[in-house]
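Residue numbers (full-length UniProt numbering), protein chains in the order written: chain A, 1 to 300; chain B, 1 to 300; chain C, 1 to 300; chain D, 1 to 300.
Just so you know, the hints here were simulated from the structure itself, not pulled from any lab data. As the structure is a prediction and not an experimental result, all values here were calculated from the model. One thing to keep in mind: the hints can contain errors.
No copy labels: a pair is met if it fits in one copy or bridges any two.
[What the hints assert, rightly or not] Subject to a maximum C-alpha distance of 25 Å in a straight line, what follows is the list of computed DMTMM-like cross-link-like pairs (lysine to aspartate or glutamate):
{"hint": "1", "residue 1": "Lys103", "residue 2": "Asp38"}
{"hint": "2", "residue 1": "Lys24", "residue 2": "Glu63"}
{"hint": "3", "residue 1": "Lys43", "residue 2": "Asp221"}
{"hint": "4", "residue 1": "Lys103", "residue 2": "Glu29"}
{"hint": "5", "residue 1": "Lys99", "residue 2": "Asp46"}
4 protein chains.
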Amino acid sequence: MKNIFRKIKYFFVGYTYEQKEGTKKWQFELHEIIFESDTFKGKIFDITLLFFISLSTLIIMLESVQGINHRIGFWLYILDWWVTISFTIEYVLRLCSVKKTTKYVTSFYGIIDLISIIPTYLSVIFLQSHYLAIIRILRLLRIFKILKLGSYINESNALLISLKKSKRKIFVFLYFIIITTLILGALMYVIENKYNSENFSSIPQSMYWAIVTLTTVGYGDVAPITIVGKIIASGIMILGYSIISVPAGLVSAEYTRNKKIHLNTQKCRFCMAENHEPNAKYCFKCGHLLNEEFEESKKS
Amino acid sequence: MKNIFRKIKYFFVGYTYEQKEGTKKWQFELHEIIFESDTFKGKIFDITLLFFISLSTLIIMLESVQGINHRIGFWLYILDWWVTISFTIEYVLRLCSVKKTTKYVTSFYGIIDLISIIPTYLSVIFLQSHYLAIIRILRLLRIFKILKLGSYINESNALLISLKKSKRKIFVFLYFIIITTLILGALMYVIENKYNSENFSSIPQSMYWAIVTLTTVGYGDVAPITIVGKIIASGIMILGYSIISVPAGLVSAEYTRNKKIHLNTQKCRFCMAENHEPNAKYCFKCGHLLNEEFEESKKS
Amino acid sequence: MKNIFRKIKYFFVGYTYEQKEGTKKWQFELHEIIFESDTFKGKIFDITLLFFISLSTLIIMLESVQGINHRIGFWLYILDWWVTISFTIEYVLRLCSVKKTTKYVTSFYGIIDLISIIPTYLSVIFLQSHYLAIIRILRLLRIFKILKLGSYINESNALLISLKKSKRKIFVFLYFIIITTLILGALMYVIENKYNSENFSSIPQSMYWAIVTLTTVGYGDVAPITIVGKIIASGIMILGYSIISVPAGLVSAEYTRNKKIHLNTQKCRFCMAENHEPNAKYCFKCGHLLNEEFEESKKS
Amino acid sequence: MKNIFRKIKYFFVGYTYEQKEGTKKWQFELHEIIFESDTFKGKIFDITLLFFISLSTLIIMLESVQGINHRIGFWLYILDWWVTISFTIEYVLRLCSVKKTTKYVTSFYGIIDLISIIPTYLSVIFLQSHYLAIIRILRLLRIFKILKLGSYINESNALLISLKKSKRKIFVFLYFIIITTLILGALMYVIENKYNSENFSSIPQSMYWAIVTLTTVGYGDVAPITIVGKIIASGIMILGYSIISVPAGLVSAEYTRNKKIHLNTQKCRFCMAENHEPNAKYCFKCGHLLNEEFEESKKS
């Protein structure tokens, strides 16, 4: 029973872990504290962790603000290093407590945990790289696990699965966007360059303008001035405006379909076929009665 | 019969009120005028109220316009105070006429009624706060009740329920937006700050830019100038453009589901057919009466 | 048979006309030419009309361009008056040929025909009003009738019906937008006015900014500069971005429902109930068999 | 068997080709290399082709960048001509290897292949035309055929078919957009021209502004300054914002319908149940075999 709960939890952590013969006592306890959030110690650890991640993100943001940096920059610098070193120690402890080290290191959180400490160390050499440590905000995704917001994760997963399933359509869509902006960008370059060489200074610059326009962002830092250019620009705008909800529509269609599949919990006992119609009585593959399982699904 | 109508009306007012033994005659009459709109006096009161709310909003708007304020500012000031004092008296009368005072005070309209008079009084101390009195526009929502536009309220409620039900998905979506803009903002700060320190002066400023870009607003007050910056900006634009109708899609999916659930409560006792028309009396499949279940669904 | 075709055609013209005893011969012939497009003369007339409408629109556009106006303004002026006088003669002829004059005058095209000649005459007094004659482009809608593009009109009608049916939802939505922009506009005025009095010079101006931002247009002519202002602006952007496809979603839901209703052509012979389920065998209202009509609908 | 595969392949190439008596041996072999990608030689040819298309696009883009053109413009010029001449030779070879020359020349790829070499030759006379050679990026669409990404093509085709089917609705929508922007543009010209003659200098210019605003692009290079102008602008923004996903909604509705039609061709002969799973063999309602009809649907 307890085992099942743990398994589900591990599912959200992103890698599987099972205490086997080889695990030492301290490893197991450490693991309980760092990776679990059932015990009191584990809860304390997790909440402290979330606090430090948030604090650390805030520090990096504040350090980048000139006015604040001039006044309390030194203290932020100290705090930042202190948090980074804490994170490093935590990473090492995580490595120690896990049996299958490679599994953790290559898991989603394993990678995030590592790349959220590297930039600060790199900042000794490349000063600016330090700000990239803000990627540690991704560690905050653990909040879903810690606060037992499993249903939130389900929502995210459902979206991710829909995204994966419709990746082909999205690829075709992006391909279309890139080719369109490339051709229209070159066309606008030829038309506008003579009269407006500052704005449409090169084809890549024109492509940038075409993307800004097609996506209806419209900064206005680059804008056509010739009549032909404005006519073409109008065309791009109307095109972009017309296809604006196509990609989301593709994904949401997939999302709806997934939900539907999820509803049909029936599975034929004879040929193991799934995805039956919601009101199906007979298996569409082998023709056997689905009734018994139908009854079961009604009870639950 | 009359009681039912009153109950429905109270539903729209936002709190329940029932004349009990303890209520005095004048209280009841005052309540009829202020809270009800059936009687002639009540109608006059409500329409006067709507007029003064609109007038008051207009006054505040005009007071903020320099040119107008110079010429007729004094008269607007007098009018504004006069309306505010009237609203205060009305609020006190409302308090008197209601039996369960706390119920009114903590209801939606009770809170709105209060905070729509406070800013004017506060303006004696904090001059600018006076303009916040524009929140009294929310009192205009009473128009739905007064003009007996119950169906409009139903529409609003249906939307609100859908919003509530999909709040988890919206939360995940906003979380995704914030994390994305934070990371991309920091990245752009590192890339652009050296060449474009005015626009990308800090990470919060870069985040602001990322939100402006991702939401396809694109003011153009902050825009990238480096090549790498423009490439990343293009990526953000295409991302924002691609997911633009995701949140609305989530809510509308919920909305459609709600509507559907609302329609389908009947189920034929003989052939178990579902998804009957909302006003169906007979099963569309086997022709049996649906009455008994129809009655049940009406009671609940 | 011919009568039916004429009736359908009259439906698209926007008013009914039937040759009765009182109509004179020349009236009938004139009507055939001006209002019909079956006969050769009628066709010639209609195509000439479309040509002159397009020409007239082009003239008005060209007149407004400084460079062109300087050179050939006089000839455009002559042409414009000539077209307007022709349209006036045409309008008088239409009035003569129609039996029920008031029906034509109050019909959609009757009004358009009139207001497309008024601005030019008014331009003798108010110079600028002349450009408003561009409203005659609406006369081009006749193209659907002339080119017998009935199905296009059906599409438009289907959209219009959906719009009308969802007008309540749209009203609530617009109400929400206006209240939101009003309150946020006032808030931004209080916050930004001190530091940025040029951009946020008054509450109406701030409301304008709020609409520009909420609709994701983002001109950038007005933009916040304070930190609190930018945070609130980000909120408005994300709000506007999130609800962007809500109104279209509401309309399209209505559109889909209309289409569905259109599919269920069954009608009970006993109680005249419509809108049966697509696979219904029995009337959901009175329980009678729908079979016979079901068979009919299958044949057709 | 092999014939079927070839036929499918030809489907993607865009024209049919069948080796008949008249074809010479070298023609057939050349065809195998140039048009097919099954053989080793064919694969090598295709990958080389994709590489040169990409290279050529990159060259044109780089040539347009001032800084790069100054330094290595000469070499890019040489490379560009070399690629263009190679493409010309390839085009001639394609002409030779195909039996039915006109079929190839008039096919989609035949046209693209030709117009992707013309601009470079034209650039001897019109210097700028050279950049239009970027249209050769469309030749990259062959990647779907070469990498055997048939399913990608299916997605594209499904989208194209939906577009074609909803072209009437799109036409009505565009007509509506153009008429709206024309009338509102003229109105804004009349209102704004007196005070803001730089921005709203003519009706076409005002129309450009109306399109920029309606599509929510909002460059900000043209913006209203009068109060009435701002009110109308707000109206256009809210209109544009409200109908933003209408065109995509129309197409996606068509897309969903197409998909559905594609799935549901089976119908049970015994209980007339429809909407079977795409791979269903037995009726989900009564359990009868669907085979016979399954076979039929495969043949057609």
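The hints, checked one at a time:
1. Taking the shortest alpha-carbon separations for Lys103 and Asp38, only the intra-copy value of 22 Å comes in at or below 25 Å, while the best inter-copy value is 40 Å.
2. Proximity of Lys24 and Glu63 under a CA criterion of 25 Å is satisfied in neither setting, with 42 Å inside one chain copy and 65 Å between copies.
3. When the C-alpha separation of Lys43 and Asp221 is checked against a cutoff of 25 Å, the pair qualifies neither within a copy, at 50 Å, nor between copies, at 45 Å.
4. Taking the shortest alpha-carbon separations for Lys103 and Glu29, only the intra-copy value of 19 Å comes in at or below 25 Å, while the best inter-copy value is 52 Å.
5. With identical chains, the CA atoms of Lys99 and Asp46 are at most 25 Å apart within one copy only, with a shortest distance of 20 Å there and 49 Å across copies.
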